[in-house]
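Number of protein chains: 4
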Amino acid sequence: MSETLTQMRQNVYHGNIELPKYKLVKFTWGNVSEINRDLGIVVIKPSGVDYEKLTPENMVVTDLEGNVLEGSFNPSSDLQTHLELYKAWPEIGGIVHTHSTEAVGWAQSGLDIPFLGTTHADYFHGPIPCTRSLTYNEVEDAYEKETGKVIVETFKERKLDPTSIPGVIVSNHGPFTWGKNASQAIYHSVVLEEVAKMNRYTKQINPCVENAPSYIMDKHYLRKHGTNAYYGQQ
Amino acid sequence: MSETLTQMRQNVYHGNIELPKYKLVKFTWGNVSEINRDLGIVVIKPSGVDYEKLTPENMVVTDLEGNVLEGSFNPSSDLQTHLELYKAWPEIGGIVHTHSTEAVGWAQSGLDIPFLGTTHADYFHGPIPCTRSLTYNEVEDAYEKETGKVIVETFKERKLDPTSIPGVIVSNHGPFTWGKNASQAIYHSVVLEEVAKMNRYTKQINPCVENAPSYIMDKHYLRKHGTNAYYGQQ
Amino acid sequence: MSETLTQMRQNVYHGNIELPKYKLVKFTWGNVSEINRDLGIVVIKPSGVDYEKLTPENMVVTDLEGNVLEGSFNPSSDLQTHLELYKAWPEIGGIVHTHSTEAVGWAQSGLDIPFLGTTHADYFHGPIPCTRSLTYNEVEDAYEKETGKVIVETFKERKLDPTSIPGVIVSNHGPFTWGKNASQAIYHSVVLEEVAKMNRYTKQINPCVENAPSYIMDKHYLRKHGTNAYYGQQ
Amino acid sequence: MSETLTQMRQNVYHGNIELPKYKLVKFTWGNVSEINRDLGIVVIKPSGVDYEKLTPENMVVTDLEGNVLEGSFNPSSDLQTHLELYKAWPEIGGIVHTHSTEAVGWAQSGLDIPFLGTTHADYFHGPIPCTRSLTYNEVEDAYEKETGKVIVETFKERKLDPTSIPGVIVSNHGPFTWGKNASQAIYHSVVLEEVAKMNRYTKQINPCVENAPSYIMDKHYLRKHGTNAYYGQQ
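Protein chains in written order, with the UniProt record's numbering: chain A, 1 to 234; chain B, 1 to 234; chain C, 1 to 234; chain D, 1 to 234.
These are computed hints drawn from the structure, not numbers from a lab.
You may find that some hints are simply not true.
A pair counts as met if it fits within one copy or between any two copies, since identical chains are not told apart.
In silico lysine-lysine, DSBU-like type, Cα no more than 35 angstroms apart, as pairs [stated by the list, open to error]:
(1) Lys53 <-> Lys156
(2) Lys53 <-> Lys159
(3) Lys156 <-> Lys23
(4) Lys149 <-> Lys21
(5) Lys219 <-> Lys87
(6) Lys219 <-> Lys53
(7) Lys53 <-> Lys224
(8) Lys159 <-> Lys180
(9) Lys156 <-> Lys87
(10) Lys180 <-> Lys23
(11) Lys159 <-> Lys219
(12) Lys149 <-> Lys180
(13) Lys145 <-> Lys53
(14) Lys149 <-> Lys53
(15) Lys156 <-> Lys21
(16) Lys156 <-> Lys224
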């Protein structure tokens, strides 16, 4: 376990310090985690610690209920949201949450990020959904856990596959993305932020723009993903 | 007093040079101050001196009426605004004024920065108010002092608490923020600028967007502030 | 051939690494190629390789049908688009494709980038056309090749000269630019992105703006191009 | 003369290389000049030379008719515009022309940059005017000279003082600014660009925004300029 854990601490540490590098977070406004399902552990950023003070060693190790197994710091206050997603979706291995500006712009609007072009389709096989707002009771009872639940509910009700749509925007809040590991989840955060910006530009230029044809979406997504993918060096 | 004052000069100096680092000011367009209420002194940036020429030593020390106690430079021309806020609100210890672009965009619009999401609520427990325009007489009589008065009036008339809403935009002018010290006031300036940008994006995407539910505002603010706060390592 | 090819590898390598420098691409989202018509060869970026791992040696050499002549990597998946343009337009020697944000903003809107000012006219002698969307059959049959064909069709149907309008935006996708070599094609990508931004700003300020007078377009274009050019040190 | 000229070459050289530093130009898209009225000479950037190749020595020296007195390079193609302004306005000593993005956004819109706030009023005592478009004959006959003439005409017809409004946007083209020397003209270019951005933001947030009260404009301008100025260390 020790070697695996050392590697997870490294991955999560590196993931967290990449967020300001990609200009996805200010101050401490983001968090990255990874799960090892065999060991039943999650590694996540500590809460409210400056990015320049993070080290692999001060990452927090918890079990799947959020009990701290290692580390003297409190885990990110968003831990319970991460755990809900890990529990609902066995296929994901890493999660990122930020308050990146463009994604928040859409999250505050309450609208899905529509499918308008190929940059989007290269990584998200459909519109990026915006959840409903949490209710008063959800916010009061167990805010972070309920945030995870409303994300899972959104995917379930719309019959979306979290593997082919690896991100969401939570209404009035901001984006969560995921992937097979922390590194891929961060990649998806960068894509989501860029697509949010492109689509804001397009809505300004042509407020009545309609969705792009779905066959372009299928083509671009499947060019990069699945058994017939031909992009890259696979 | 000498050691306290040396520390204040350091704080105010460092605060001022952080403003261009956070891209909140161009040229000399900003100022930071701190107060020590026991000593009855305020330390503030000198007026119109390039940021690269600032040193802890050329910060200006005044009393609460604005009389210069130490320093061969004129204090910032906005000193009287700072003094009005310090006199009205005993709970604040540091003030920042900038012409940061996004905040000015809202200040020129004459509109409050509305509550649309959790980034806002983490630091501001309500909309960020925009003051009324100053009258001709206010501008002519004692412009900077009256700017402070109109800020205080805004908070008083709307029954706002400057501790839980640590900033304002002055109509046709720009933002002022404050905090328990200079460092916290700067943090609030960064937040205000970022929220101003997020909300501009949201208004572009969805011009008819409505305020977010107030229970989300309460939750996020109280997650970070007050006796039941649980964010960070407290 | 060896010396020419070494130079082409250098040009294409340098061109590709300039794209992130000019902030025209994120990750691997762009590609540059050059052609030598005497040798019947094209050099292009390998597919999906990180920009920091590119070297002159791992550029891919193909013939005009896209058969790989040298290199152990797959060529850019957009190779067939480049080849269609090279075959249709003997006067061009280098091509660039990116997903640069402002250009994509227009491409997703389905609108031409209109002629509004002199920055545009210095390099593009007319509006920058937006192609039609590809049909289902075009996308399914030979997507990248058909993308090239629809670009050529756009220029043919509108009677545009690819020398004086050295770029296009493909509907729902993004920009392609070209020039006498890779270096000039990149220059045109930078111009296209900047003009896309300027025009977005103008459309926001004045949604009803009309095209600038065509005699200003002619003047500025011909000040820099053709036999009577007088800009620069020629 | 030799020492004065050496200083002018330095000033103009430094002015030109500051333009990319302030992100006001891409490639070679800008030019700075200075005049010495006693000597009857103007120093200006050479045309189309990359910024990294500029030196004080390759600045071009001309007389007030545009005849090259020293230098082996062609002067900036915009020289005749500069000369018209120098001849019409004896009070100015330096001129800057750029295609800075925000200012061009307004120039292409054909609208004045309105007076909305104090950042504007600190340096421009009134709206920043947008000229009319040049006519066909003006463009064909002597384009650059006529550009200067239309700027002078704009100030004359609207009874504006080029000292208190040290800049203009030329319709469908871009900004020119000036000052007592090159350094001040560049400062005014930075201000104009920033105010153009602030006002674009404000127009997005509140499309119906009205001008700010003129007494605020007077106060802020006169706080920094004229015999009763009290900003800074004068």
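What hint numbers does the structure not satisfy?
-> 1, 2
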